[in-house]
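Given only the sequences and the hints, what does the whole structure look like? Please build it.
If you're matching them up, the sequences are chains A and B in order.
Heads up: the first sequence is residues 1 to 313, going by the UniProt record's numbering.
Heads up: the second sequence is residues 1 to 327, going by the UniProt record's numbering.
Any given hint could turn out to be false.
In silico contact screen, one side only, chain B against chain A (beta carbon under 10 Å); selected entries [as the list claims (entries may be wrong)]:
no., residue
1, G53
2, V83
3, M90
4, I91
5, R104
6, W147
Note that these hints are calculated values from the structure, not bench results.
Keep in mind the model is a prediction, meaning the values are calculated, not measured.
Beta carbons are placed, not taken as given, at the ideal position from N, Cα and C, and that holds for glycine.
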Amino acid sequence: MLRFFGSRLLRAAVTIVMVVTFAFIVLRLSGDPAQIIMGADAPPEAVDAFRTAWGLDQPVWLQYFHYFGAIFQGDLGRSMRDGRDAIVLVMERIPATLALTIPALLIKLGLGIPAGITAALHRNSFIDRAVMLMAVAGFTVPSFVLGLLLVLVFAVQLGWLPSGGQESWRHAILPIITMGVGGAAVLARFTRSAMLEVLGQPYIRTASAKGVPWRAVVWGHALPNAAIPTVTIVGFMVGSLIAGAVVVESVFSWPGVGRLLVVAVANRDLAVVQCILLLVAATMVTANLVVDLLYGLLDPRLRNQPKRATGAA
Amino acid sequence: MSAALVTLKGLRVSFDGQAALRGIDLSVAPGESVGLVGESGCGKSVTWLAALGLLPGRAQISGSVKLDDVELLQARPHVLDRVRGGRIAMIFQDPASSLNPVHRIGKQITEALRLHRAMGGAAARAEAKRLLDQVGIPDAARRLDAWPHELSGGQNQRVMIAIALAGRPELLVADEPTTALDVTIQAQILRLLQDLRRDTGMALVLISHDLGVVADSCERVCVMYAGRIVEQAPSARLFSAPAHPYTRGLLGALPPLDGPRRRLAAIPGGVPEPWAMPPGCAFAPRCAMHVSACDAAAPEQVGVAPGHRAACIRATLPASHHQAAYA
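Written out as C-alpha cells, the structure is:
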C-alpha cells in the first residue's frame with residue numbers, strides 16, 4: 001500500500017513539473033512581456049530596463065533554473081503589472097471561483113447521477129429517452145453558448161436575474177446553472193452506461209436468483225460496482241474546481257481565477273499565469289490521487305495482489 | 001411419481017418476436033433429479049430463467065409455471081422473491097462472474113440467510129461457515145472474509161452452491177455448473193451436488209450440453225431441441241432405447257467406452273434459426289427417418305414406454321428400423 005502510494009506520489013510530482021515546464025517554455029516563446037506591458041511605443045531603453053529588472057534578458061534555461069529555485073523557497077514570483085506576489089493575487093480570486101464551482105459540482109452530482117441511474121433502470125423507456133435527449137443537448141451545447149442563451153432569456157427578456165458581475169448571490173445563479181447543466185449531462189451519460197454495464201453482469205442475476213428484492217439489488221449490488229467507473233469522472237470534476245470556470249467567468253464577468261488567467265495570459269504576466277497553472281496541475285493531480293485511493297476502497301480486486309487460495313477446489 | 005413440485009405447462013418465450021421456447025411441458029417431483037440436455041441455444045437455460053422471472057424485460061413469456069399450486073409467471077415481485085433462493089435456488093455457468101466482486105464471500109452467503117431464514121449477526125456467520133464446510137471449502141472460517149477474486153473457479157462454484165443451500169431450497173437448478181471448470185473439478189462439483197441432494201432431499205435440475213454429465217447424475221433426462229423437449233425418459237432407458245432420432249443422433253456422436261473403435265456419427269446440418277423454423281418437426285430437415293408427414297405439424301409427445309415419451313411421429317416404430325437409419 002505504502003509503495004503503491006509512494007509511486008503515485010512520485011508520478012504526481014513529475015506531472016506537475018512537466019506542466020509547469022511546458023507552460024514556462026510556451027509562455028516565453030509566444031510573446032515578449034516587456035513589449036506588451038510597456039506598450040508598443042515605449043522607448044527601447046525603458047523596455048530594456050524592464051527586461052533587466054525582471055531577468056528576461058537572461059537565457060531561458062537560466063530563467064527556468066531561477067524560477068524552480070524560487071519555487072522551492074516558496075516564492076512563486078510577482079506580477080509584472082502591479083508588482084504584488086502572484087500567489088496573493090491568485091488566492092484572492094479563489095473564493096469567488098469556488099463560490100461558482102462548488103455549487104455547480106453539487107448540481108452535477110445531484111442531477112447527473114440520479115438521472116443516469118434512473119435512465120439505466122428504465123432502459124429504452126420514455127424516461128430513458130427523455131433523460132438521454134436532455135443529456136446530449138446538455139453536453140453538446142458549449143458553455144459559452146448556454147451562458148449567453150441563459151443571459152438572453154433570464155436577464156434580457158425576463159429581467160429576473162443580472163447578466164453579469166458579482167454584487168449579490170443572485171449574480172451567481174446563471175453561471176452556476178451554466179456550469180452545472182453541462183457537467184450533469186456528462187455525468188448522467190456516464191452513470192447510465194456504467195449502470196447498464198453492471199446490470200448486465202451475471203452477479204446481478206445471482207442476486208435476483210437468491211431472492212434479493214430489486215431495490216436492494218440496485219442499491220446493494222449494482223450501485224457499488226457502477227460507482228467504480230463513475231468515480232473517475234467525478235474526480236476529474238473535482239480536479240477542475242479551480243480552473244473549470246475560465247469560460248463561464250469570462251461570459252458573466254465573474255472576478256475569479258479563470259478571469260485572472262485570461263487577463264494574465266493576454267498581458268503575458270508570466271508569474272501569474274505560471275502560478276495559476278501550477279495550482280491547476282496540483283489540484284488535478286491531487287484529485288487523481290484521491291481517485292486512485294478511492295478505487296482501492298471501492299474495488300477489492302485493485303487493493304493488493306490477490307492471495308489466490310492454493311490447493312484443489 | 002408423487003405430486004409434482006414444479007410444473008411447467010406450455011411455457012413459451014420469445015425475444016423481439018423470435019421464439020426461444022416453443023411450448024415446454026415439464027414437471028419435477030420432490031427430491032427428483034432431472035437432467036436437461038441439448039445444444040447451446042436450444043432453450044434449456046431460458047426455460048428455468050423464465051420460470052423464475054430472471055429474464056430481461058424484453059422477453060415475452062406465456063404459459064404456466066406452478067410451484068405446488070402457486071402460479072409463478074404472473075406472481076408479484078414479493079412472492080417471487082420468497083420463492084427465489086427460498087424454495088427454488090439456481091446456480092450458473094460462470095462462478096467467477098456470478099459472485100459480486102465488491103462483497104466478501106461471507107456477506108453474500110449471510111444475505112441469503114437473512115432473506116430466507118431471518119438470521120443475522122453471529123448466528124448467520126456461524127451458519128455461513130457451516131455451509132462452506134458442507135460444500136467442502138477448507139478453512140471455512142477464514143474464507144468468509146475472502147473476496148471472490150481470491151478464490152479459484154471451483155471454489156467460487158462451491159460458494160455459489162453454499163449460497164443456494166442457504167435458503168434450504170426444495171429444488172436446485174444447476175445451469176451448466178461445471179462447464180467453465182477443469183475436468184477434475186467438474187467431477188468433484190457433480191459429486192458434491194449428488195451428495196447434497198442425498199443429504200438434503202432437495203430436487204435437482206441439472207442443465208448441461210453434456211449427455212455424460214447428465215446420465216451420471218440424474219434419474220430422468222429431458223432432451224431439448226430448438227425450444228422444445230423432444231424426448232424424456234429415465235436415464236438408463238434413454239441410453240438403452242432412445243426413441244427420438246435426435247437423441248439417437250446425440251448418442252451416436254458419443255465415443256463408446258467398450259467394443260471396437262468406430263467412426264463417430266455426426267448429425268448432418270445445423271439447428272434451424274429461430275426465424276426459419278420448419279413448419280412441422282424442427283428436426284425434420286436433419287432427420288434420416290424424415291417422411292412427408294413430419295412437415296405437417298410439430299409432433300406431440302407420445303408414450304413409448306412407461307415414463308418414456310418422445311415427440312416424434314415415428315418413435316413407436318420398431319428399433320430395427322432406427323438402427324438401419326443410423327448404421
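Inset, instruction - Go through the numbered hints given earlier and state which of them the structure violates, listing their numbers in rising order. - result: none
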